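There are 2 protein chains.
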Amino acid sequence: MDRFAETERTAIKRASHKGSFERDVVYEILDEALYCHVGFVHDGSPVVVPTTHGRDGDLLYLHGSPGSRMFRILRTGVELSVSVTLLDGLVLARSLYNSSMHYRSVAIFGTARQTEGSEKLHGLEVISNHTLPGRWDHARRPSEKELRATTVLAIPIEEASAKISTGPPDDEEEDYSLDVWAGVVPLRLTAGPPIPDPAPDAIELPDHVRALLKRHRSD
Amino acid sequence: MDRFAETERTAIKRASHKGSFERDVVYEILDEALYCHVGFVHDGSPVVVPTTHGRDGDLLYLHGSPGSRMFRILRTGVELSVSVTLLDGLVLARSLYNSSMHYRSVAIFGTARQTEGSEKLHGLEVISNHTLPGRWDHARRPSEKELRATTVLAIPIEEASAKISTGPPDDEEEDYSLDVWAGVVPLRLTAGPPIPDPAPDAIELPDHVRALLKRHRSD
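As you go down the protein sequences, you meet chains A and B in turn.
Take the first sequence: its letter number 109 is residue 109 in the numbering used here, and every next letter is one higher.
Take the second sequence: its letter number 76 is residue 76 in the numbering used here, and every next letter is one higher.
Hints were generated in silico from the structure; no laboratory data involved.
Computed from a prediction, not measured in an experiment: that's the story for all the values here.
Do not take every clue at face value.
If chains are identical, the list can't say which one is meant, so a pair holds when it fits in one copy or spans any two.
Here are the simulated lysine-lysine pairs, BS3-like style, with alpha carbons at most 30 Å apart [to be verified]:
1) Lys145 to Lys120
2) Lys18 to Lys120
3) Lys163 to Lys18
Full structure from sequences and hints, please.
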């Protein structure tokens, strides 16, 4: 299935031309974002928590402390939603009403299941290589004790949609003559110079970190 | 009150040294972030939606279409939560287990009320000047018709906390001798060169947009 089925929850009701149910579109946004926001219900109240993620095929992986509120609740299989947002710019129209932002966002609705054994280790590899490709092969992998102190959840990506906002400002006809600057200010996440751990460390910056700097360069 | 009272929902249970209930700390994070994620419950399911915000004193303002699902639900005064996250860097420890991120985040729990009349207009000014200080005075303000097509919600900030993660990697004693690069890669949102609206437009880039570029410069 190349497309997600539209559901009542994922239907794009506003600005529907910006919506997409294509798996490729949803996955590209998930893969570019360095973190997501997970929503769940606790004692009847909505809770939203930021966390890192990783994707392998149609599974989204999350990891955290077994004792954390979020992981204690999510591993019971309750309903959750995941929101991922990439801010790409400010759209400055001549009117404030038509001003907006460039963004790419994804909404996922589903449930999580706890992973064990080889899938748990695989989930951690997926999350690690999502955050920084190549890190899993460079750094020390989790020990048995560290694995026991980590919960890894898998969320099947079955109900999802993307929303993408691009393009120049769309002003009212009568506003184009106004003495107002209009346009787009692009925004992106950029990496600054790496700060080596002040502890004694003679290791040269490895290729996988150089690749990150290239991916998040400011030009 | 300079500090928020700690509640069951805002208590920082993990990594408690990173938590803060200081109003100043919470408000600085809210004010720097260009968008937030709002969580609410719809038909028993958690929903998370990204949106822009603005703060004036102890009130957080949100705006959107009166017909949107989120605004139809939130204006009835149901419980909501707001999560704001600023990603400041990747913390690359020698072990994957101790690797993490630098971030500043805020969690707010509360309810919203719909604003009308002068407060509604004020809320829009607050949101506009939050996104881009000076824009309210430069661009065309909302007409009566546009105001009717906009819902502005005010959320009293009464139950909130912040979480801040900084500092170098904290590795296990025995890992410092490993042949692994460790350190921090700083990340920040930077602005690219403004793209003027391709529509005929002779206006020079105004000071308030130049100030934005300076605030989000890449160096």
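Tested hints:
Taking CA atoms no more than 30 Å apart as the test, Lys145 paired with Lys120 passes inside one copy only; the shortest distance there is 14 Å, against 55 Å between copies. When the C-alpha separation of Lys18 and Lys120 is checked against a cutoff of 30 Å, the pair qualifies only between copies, where the shortest distance is 28 Å, while the shortest distance within a copy is 36 Å. For the homomeric pair Lys163 and Lys18, the shortest alpha-carbon distance inside one copy (5 Å) is at most 30 Å, but the shortest distance between copies (33 Å) is not.
Checked against the numbered hints listed earlier, the structure breaks none of them; every hint is satisfied.
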